[in-house]
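Residues per chain, in single letters:
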Amino acid sequence: MPEIRVTPLGAGQDVGRSCILVSIGGKNVMLDCGMHMGFNDDRRFPDFSYITRNGRLTDFLDCVIISHFHLDHCGALPYFSEMVGYDGPIYMTHPTQAICPILLEDYRKIAVDKKGEANFFTSQMIKDCMKKVVAVHLHQTVQVDDELEIKAYYAGHVLGAAMFQIKVGSESVVYTGDYNMTPDRHLGAAWIDKCRPNLLITESTYATTIRDSKRCRERDFLKKVHEAVERGGKVLIPVFALGRAQELCILLETFWERMNLKAPIYFSTGLTEKANHYYKLFITWTNQKIRKTFVQRNMFEFKHIKAFDRAFADNPGPMVIMPGYCVQGTVGHKILSGQRKLEMEGRQVLEVKMQVEYMSFSAHADAKGIMQLVGQAEPENVLLVHGEAKKMEFLKQKIEQEFRVNCYMPANGETVTLPTSPSIPVGISLGLLKREMAQGLLPDAKKPRLLHGTLIMKDSNFRLVSSEQALKELGLAEHQLRFTCRVHLHDPRKEQETALRVYSHLKSVLKDHCVQHLPDGSVTVESILIQAAAHSEDPGTKVLLVSWTYQDEELGSYLTSLLKKGLPQGAT
Amino acid sequence: MDPECSQLLPALCAVLADPRQPVADDTCLEKLLDWFKTIADAGSSLLLLQENPCLVTLLCPVLKPQDLSPRVLAFLLRLAGILAAQEDCFQHLQQGDLLPRLFGEAGPLGGAAWTAPTVRSGWIQGLCSLTQHPSALCFLAHSGAVDTIFSLQGDSSLFVASAAGQLLVHILGLSMQAPAEGHPSLQPAHWPACAQKIVGHIEESLRATATPQVTQALNVLTTMFSHCHDPWTQVLWVHLSPLVACLLEKDPVPAAHSLVDLLLSVARSPVLSSSSCGLWDTLAQTLSRLRASQAGPLALGILKLQECPKALRAQAFAVLLQPLTCVLEATTQAPGLPGSVGGTADAPLTAGMLLPSKAACVGLLCQTLAHLELLQPLPQRPSPWPWAPLLSAAVTILRLCNGSATPTSDTGTHLCAFLAGCVRVQRAALDFLGTLSQGTGPQELVTQVFAILLEYLTSPDSSPTVLKKAFQATLQWLQSSPKPSGGGDLEPHAQLFLRELLPVLPKRLCSPCWDVRDSGLEFLTQTVRRWGGQAGFRHALLASEVPELTEQLLRDPESYVRASAVAAMGQLSSRGLHIIPASPGHPGAQQSLLEELLHILSTDSEGFPRRAVMQVFTQWLRDSHADVAADTEHFVARVLRVASQDLDWEVRAQGLELALVFLEQTLGQPSSSCPYAMTPPAAAPPSLVAQALQPFCRVQLFDFAFRALFDCDRPVAQKSCDLLLFLRAKTASYSDQQGSSSGPDVASLEAALQRWQAGDQGQPLGDLEPEAVVAVLRSLDLEGLRGALAESSDHAEQSPLSLLQDMLATAGILGENEADCY
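In order, the protein sequences belong to chains A and B. Those letters in the first sequence? Residues 1 to 572, by this note's numbering. Those letters in the second sequence? Residues 1 to 822, by this note's numbering.
Don't take every hint at face value.
Said to hold, decoys possible - So the derived label-pair ranges between C-beta atoms look like this: (1) A/Thr-209 to B/Arg-786: 43 to 51 Å; (2) A/Glu-553 to B/Ala-210: 47 to 55 Å; (3) A/Gln-143 to B/Asp-410: 21 to 29 Å; (4) B/Asp-410 to A/Asn-461: 57 to 65 Å; (5) A/Ser-460 to B/Asp-251: 18 to 26 Å; (6) B/Pro-512 to A/Asp-212: 28 to 36 Å; (7) A/Thr-209 to B/Thr-458: 32 to 40 Å; (8) B/Ser-135 to A/Glu-147: 33 to 41 Å; (9) B/Ser-409 to A/Val-426: 50 to 58 Å; (10) B/Asp-2 to A/Gln-348: 13 to 21 Å.
Just so you know, the hints here were simulated from the structure itself, not pulled from any lab data. Since we're looking at a predicted model, the values are computed, not measured. Backbone N, C-alpha and C define an ideal beta-carbon position, used for all residues, glycine too.
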């Protein structure tokens, strides 16, 4: 029995370290290869030893697909390819391929420079890993091999983020990665066609949240920043998720322009500056508004926002806005949890005097958005990843109720197995198709209709042909098959008269059909033949012998039921 | 335990026990367990419990598991396991009847919480931790836990199932430890009850008809024979081997991969392989029973064994070579490989059977090539190693892949259709071909190797990954080419090849794919490093467009390529291969490269090219490159001035490396006994030392090094620390004589250091006097600084105290800031 198997090694009932193994049609694919921000040891990477107990990874896995450049989706990639030893292809979109090494380098810098780790992947390893990448375009069907194909769809979320359809024969799985169903200031909304996959693997970060209006959140953000600046203060916005920095920059830039503000805005010269270059380069991946105005003005070339220079390093002002989640073990986490005293390096204790605000600008689909995507793709089954168990449980019920499909939420290490019914391709002969077309009915994808023919299996191939062609090809003689039925009529008149009454009745009822009364006394309606005979035992009863070919099966059945009701009194 | 932590622990336990207070970050509980494990490993768990009674109170809510979140429940189970690993603490928890209620039927085992894999995982990990002493074994026997572990072997979670198998092995090993003091009993029937139960379960599983059950049993045995080499394991194998042999009778052989693993673990066990116990026969039988893709790993495993009967090795090698033999036969070449495609005499294997479909053919060939690549460098590889047929097979496969082979049989045509354009096989074959360069083959074959490599390097159809492999294989073959007896130049073959390759290289350097340009440059750097001094190569290179193109790639849009171009240019220049005829526009080409690299160092927006420039400069300084030697001080001063301002920490660290090379060249190696090194002697007069340090002052080395001591990037600070410690050692004797030194220079330098330590950027120091440097060097606590720098930058945030504070602080505000993500 063919089946699809899914095992999350990461992102199963948790957020972080996305890594999902999918077996489909005998092919094995790894979706994302992320790291966990919360650990500094082995636990930061998925445990790849579970992928295959026997044999080499490169022999087992047909490909790795990376949905977007965030480290919880690609942070373990150089480790996996250069240290664990995977030597096969890695697929991602062009912007992801461009920005991925920047983030991996930054990750390496934090691990090696800040935390002093030895045995971490090197810059050369990152480069060698990137050489294994095959970049794909949106909506381009890429053949990984003769049987396995993948196709990327726009996912919003960050520049280059994509959902991937993985297809082997007629079986398919869609993996969303992280996505956003509402357009933001610089990206469009995620979109997928009605591909009806066997399984949709979707993220569920905001499984239970219906997010408030973005406009309100943005207004709130700008108000807070403005107030702090008006008071003569400074605002620090440590944006650690690449992509969000660009969103906030556009937001601030537009506001500054509208309000004619003069206070300088700086962004760090590190990642944001580097990534900004690619945001300018991959303008086709941004939203419609930015693409439209791009010729007059590239929205990523900021007027008010300048690159931060070390010379501006000064005590940050009285406010810090944290635009996303911080994991335990970071200063950000401490500040967010309201701790007012921070122990820094060298046992130096700092008092937090500034105002701290938490505002989520993370670009994930909310519960409504997830439901919308499920509706769009029309999957046969749904599997939730990248979320918390409790929230997933709620969404799972909602999906099962609304879409009447099975919804799964495996924990890390748990395997979900879905049986699939393989579709068998059948070729149709041109003659048969032409005959169908000659009936004047144009094909319509939305209205399936019946097509009669003979199914022939030859050389492990199936073909549907006309019966005449089948007979010819197989060298068989045709046999005629007629259905017969006896109907008893209470009529004391002679057989000829009964036949005449039947003829009159049918002539009046079946106006669209050719009803004939033949010289031998029998009546025909198309291929149906009706003969009246006397009953051997009851002279008051006549027996109508009805016979028809299988082509007129419908009409024959109808006539029989009609005659069984008897003849109207007035019929002569 | 730290008193501060001890103080916070009761509050934290209260938070954890309160179901209304969810724990936000799933990493916190893991880290908390790490901490408890460290404490338990370092001292008495019983004491820990007695000093922190809140821990016992914390474990009690498990009795009402429905109230707790699965994560907290799993945490408590694991914590109990860690604490109960010590026997006295185990007894203490037993007295409170806590353990049976945690791990027995009354605990989460029977409840709804059990459906959560986290809880099952916590339960099994808890048990694994506590199973360290005989009391634990009694507990397991009485609580019925072993039966639950049996059932967990088939758990839907891979993690739980795998842990269950490992726990069974652990329990079996521990229960056998007690009788192992004497001789192990010959019959498992006389083993301890717990061990008997497990062995009985394994026997039952091996007899099962369901493959998953057989797999579980085989996996448990594999883990056991791999990790435990006690004499009783031999008894166990003798007892179970008939059942294992029975598996071979079935068609198809169930759980073949796991069976292979088991047989190899048995063969590797020192206790078992020496006595054989019919093992070799079983291995031989298995080899002939399994499908080619399953037999391959077994054959490789057998050939890697240190000791093994000759006949079995021959059989294994034949199995391993089968697919390649097929390829050779299908292309009507005399196989010449030790294994024929024979299989058994009455059921000969044909290429069609062995390589039936494209997927099977590709998979099997890739596996075989990888296995042979692994085997070849091992000392126990079969001898003689069939270099020539293997070379022939690798070349043939590559030809089938690029369509240049002309098959003469139907099978050959099929193979051609399967392999044409197959990138997977091309990569595997090129990897293997590269490895084969370690041996020798007939000249004719070597010619074929170079020809096929050239075809791949030239072909427009070669994918970037294939090209990279082709470059690697080429380099390996060139490096292994024997030097002609006359010495000096490259072997004529390789020389001819390089001459043919050099016109191809420009095409690759102009490729639209950055990875191809980069691989081409990496190849060029390596070849120049190796043969840059040989006349034939030099001539061919200079006659090609390669040097010119490489220089153009210094301005490539891709930073990776620019960096590789810098490295290549550095190498070309070192070998005197970067000679552009002097023209009015190029007054002295060598000089212009130095300037160009300096320009890259000061202006390139990306770190990689700047780092590459620093590496080239450091190498040039080491090698006394002509441009550097012309005015070393000037060169060092210019480079350090730019590098010290760089925003990339690796460039600054490289700058310090260059400074260290300069120091060593001037003062001599740390342990150098070179009589010509300018080391101040033990009683060197002050003037001599001052004179020795003057050049460093002139190139502003101290300004850079002292400032770097407080660099925000710790590897830079560490490097600077090392450099200054080296310098201090060199000047130690001098400063001993000098006594305490004070003066305006020293004071201003110390003041500057304090400013830098406080994070102030400040102005450059200006001219420093060597005496002031020596005095400051002596007063600085460089060792202390080095110790502080060895700690991670987030060690304060990662400390247990910080963890407890964070968990307590988060408990109150979870509702406000729900877990978000990136």
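Going through the hints against the structure:
1. A/Thr-209 to B/Arg-786: 43 to 51 Å: With a Cβ separation near 49 Å, A/Thr-209 and B/Arg-786 satisfy 43 to 51 Å, so the hint holds.
2. A/Glu-553 to B/Ala-210: 47 to 55 Å: holds, 49 Å
3. A/Gln-143 to B/Asp-410: 21 to 29 Å: 27 Å Cβ-Cβ, so the 21 to 29 Å window holds.
4. B/Asp-410 to A/Asn-461: 57 to 65 Å: Check failed, 21 Å falls outside 57 to 65 Å.
5. A/Ser-460 to B/Asp-251: 18 to 26 Å: Holds - the Cβ-Cβ distance for A/Ser-460 and B/Asp-251, about 25 Å, lies within 18 to 26 Å.
6. B/Pro-512 to A/Asp-212: 28 to 36 Å: violated, 47 Å
7. A/Thr-209 to B/Thr-458: 32 to 40 Å: Check failed, 57 Å falls outside 32 to 40 Å.
8. B/Ser-135 to A/Glu-147: 33 to 41 Å: Since B/Ser-135 and A/Glu-147 have Cβ atoms about 57 Å apart, the given range 33 to 41 Å is violated.
9. B/Ser-409 to A/Val-426: 50 to 58 Å: For B/Ser-409 and A/Val-426 the Cβ distance comes to about 34 Å; the hint is violated.
10. B/Asp-2 to A/Gln-348: 13 to 21 Å: At roughly 19 Å between Cβ atoms, A/Gln-348 and B/Asp-2 fall inside 13 to 21 Å, so the hint holds.
In the structure shown, a violation is registered for the earlier hints numbered 4, 6, 7, 8 and 9, in ascending order.
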